[in-house]
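In order, the protein sequence lines correspond to chains B and C.
Every position in the first sequence, counted from 1, becomes a number in my numbering once 1 is added.
Every position in the second sequence, counted from 1, becomes a number in my numbering once 1 is added.
I should point out that these hints are in silico values taken from the structure, not numbers from a laboratory.
Quick caveat: nothing in here was measured; it's all calculated off a predicted structure.
A portion of the hints provided could be inaccurate.
Cross-link-like lysine-lysine pairs, in silico, BS3-like; alpha carbons within 30 Å at most [claimed, not checked]:
(1) C:Lys238 with B:Lys208
(2) C:Lys27 with C:Lys126
(3) C:Lys183 with C:Lys208
(4) B:Lys247 with C:Lys243
(5) C:Lys92 with B:Lys105
(6) C:Lys46 with B:Lys78
(7) B:Lys211 with C:Lys211
(8) B:Lys245 with B:Lys200
(9) B:Lys200 with C:Lys247
(10) C:Lys243 with C:Lys183
Residues from chain B that face chain C, not an exhaustive set, calculated with beta carbons under 7 Å [as the list claims (entries may be wrong)]:
(11) Asn11
(12) Glu55
(13) Leu58
(14) Ser85
(15) Pro86
(16) Val117
No residue lacks a Cβ here, since even glycine has one placed at the ideal position from N, Cα and C.
Protein chains: 2
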Amino acid sequence: MKKEETHLFNPHVSVDCVLMSIVDHKLSVLLVERWDKRGETIGLKLPGGLIYQEEDLDDAAYRILNEATGMKRVQLKQFRAFGSPERTRNKEDVLWLENASNQKIMQAYQETIRIVTIAYLALCKPDRKAADTEYESMHWVPIDNLPRMPFDHNRIVNEAVFEIRDWADREPAIVFSYLPKKFTASELRSTYEIIFNRKMDVRNFDKRMKAMSYVIPTEDVKEGLAHRSPRYYRFDKTLYNKLKIKLNKNK
Amino acid sequence: MKKEETHLFNPHVSVDCVLMSIVDHKLSVLLVERWDKRGETIGLKLPGGLIYQEEDLDDAAYRILNEATGMKRVQLKQFRAFGSPERTRNKEDVLWLENASNQKIMQAYQETIRIVTIAYLALCKPDRKAADTEYESMHWVPIDNLPRMPFDHNRIVNEAVFEIRDWADREPAIVFSYLPKKFTASELRSTYEIIFNRKMDVRNFDKRMKAMSYVIPTEDVKEGLAHRSPRYYRFDKTLYNKLKIKLNKNK
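Isolated chain B (complex conformation):
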């Protein structure tokens, strides 16, 4: 470690960000390219990296996401620490990290290399990315077609899929944060179907949607369809929050 560096990395703890979205009707995860020393692409990985010595975990997650993708206003949620000794067994991965972070990691360890990573999760719109082309190495990859990734990134994404479903159940607001301001009943159902990877009965889903009193019908209808003009709905966040508080009180 060089004393004159502004930020010293902590070679023992990293964060990884699992950003999910629906792209081409598939639940997808945002991956970034990994380069070798010559700058050639050698595969994909989660946006992630070592924390700075003087940086809180949440701050590190937002910094790293922003550096890798240009994204700023994503609501990240810490979801799990992954710390198996196995995750750094592949020396290639660690050598790559040394190169990418421009820091000797090996020498921080007298014994086995061990990096615990704290994983963060978000569901966001796929168009959330910086306007410029600086982040061309970003790719949305369907979760059923993941490449082999370094460290335990495949495992992290698999666990994140369970977590996002659980989160969508508990806090439906995150599903609406993904949707446009106006959406049809069929678009909402389709979103749930994709997140939960399961066809849902139309009538059952309509009942479920009616029970969501914070989903408000608007005066607008969707034009341009051949035989019908389905109504647009909107998500009333104020009402949602009020109901959530009331529900918690009545419990």
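Given chain B, work out where chain C should sit, using these hints.
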């Protein structure tokens, strides 16, 4: 670090266990005594410690809980990583940890000392402890009367209280794992009141309990009360699990 030691500690990552229970009608947390070099008590802390270099996080949590309390069959759940640089600012805490773990921690750091801790959570019966007196330094302390603890243990307990309520909402099974095999409606309500720190309307709660189809009335009544003999109920775990699967399918 001595090479001949069977287990090397990782001086950068620890786990802490927040065990909660209801003791004397109060939501309480299990704390253990901290000793100075002469073996004198210098206060209380969460059961916790550094992970071994070759140990997964979950394994470390179960080992540390068992070492500190003799408990074995508690269902621990990882709930959050705490990694603020502030948590190891008090040098006294770090010196104590060096002494307690019999390991030089300072020398592992060229710069600021930084230990990220992974916190685990469980709700359990207060009588869960080893039969012998080896664990006399264990204390159940009400969460509204916590002492000042080392590192960020006060913050961890505060966050754990929110987490346990959220968990009890999502998975009522953990509430029943706390209760005896047979319980009255009033005992169940009282348990919820204590966990959520809120008086609950008797009639509303009865409705809520009726909706819990996995809470089954038994033939037994509670004897020894002056004017009434309330019925005992039991928790049907098989039914609960079936309903949970069904609920998830219908979503």
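These are the hints, each one checked on the structure:
Of the pairs offered as hints, the one joining Lys238 (chain C) and Lys208 (chain B) holds, with about 29 Å between alpha carbons and a cut-off of 30 Å not exceeded. A distance of roughly 13 Å separates the Cα atoms of Lys27 (chain C) and Lys126 (chain C); the hinted pair therefore holds under the 30 Å criterion. A threshold of 30 Å between alpha carbons decides the hint, and for Lys183 (chain C) with Lys208 (chain C) the separation of about 19 Å falls inside it, so the pair holds. Proposed proximity of Lys247 (chain B) and Lys243 (chain C) is supported: the alpha carbons are some 29 Å apart, at most 30 Å.
Among the hinted pairs, Lys92 (chain C) with Lys105 (chain B) is consistent with the structure: their alpha-carbon atoms are about 27 Å apart, no more than 30 Å. A threshold of 30 Å between alpha carbons decides the hint, and for Lys46 (chain C) with Lys78 (chain B) the separation of about 27 Å falls inside it, so the pair holds. At roughly 24 Å between alpha-carbon atoms, Lys211 (chain B) and Lys211 (chain C) fall within 30 Å of each other, so this suggested pair holds. Proposed proximity of Lys245 (chain B) and Lys200 (chain B) is supported: the alpha carbons are some 27 Å apart, at most 30 Å.
Among the hinted pairs, Lys200 (chain B) with Lys247 (chain C) is consistent with the structure: their alpha-carbon atoms are about 15 Å apart, no more than 30 Å. The hinted pair formed by Lys243 (chain C) and Lys183 (chain C) meets the criterion: a straight-line CA distance of about 21 Å does not exceed 30 Å. Look at Asn11 (chain B): its Cβ gets to within about 6 Å of chain C, closer than 7 Å, so that hint holds up. Given hint, Glu55 (chain B) at the interface with chain C, holds; its Cβ is 5 Å from that chain's nearest Cβ, closer than 7 Å.
Taken as an interface hint, Leu58 (chain B) checks out: its beta carbon lies about 4 Å from the nearest beta carbon of chain C, inside 7 Å. Evaluation of the Ser85 (chain B) hint against chain C yields a held restraint, the C-beta minimum of about 5 Å falling below 7 Å. Checking Pro86 (chain B) against chain C by beta carbon gives a least distance of about 5 Å; that is within 7 Å, so the hint holds. Using the Cβ-Cβ criterion of 7 Å, the hint placing Val117 (chain B) at the interface with chain C is satisfied: the shortest such distance is roughly 5 Å.
Every hint from the earlier list agrees with this structure, and none is contradicted.
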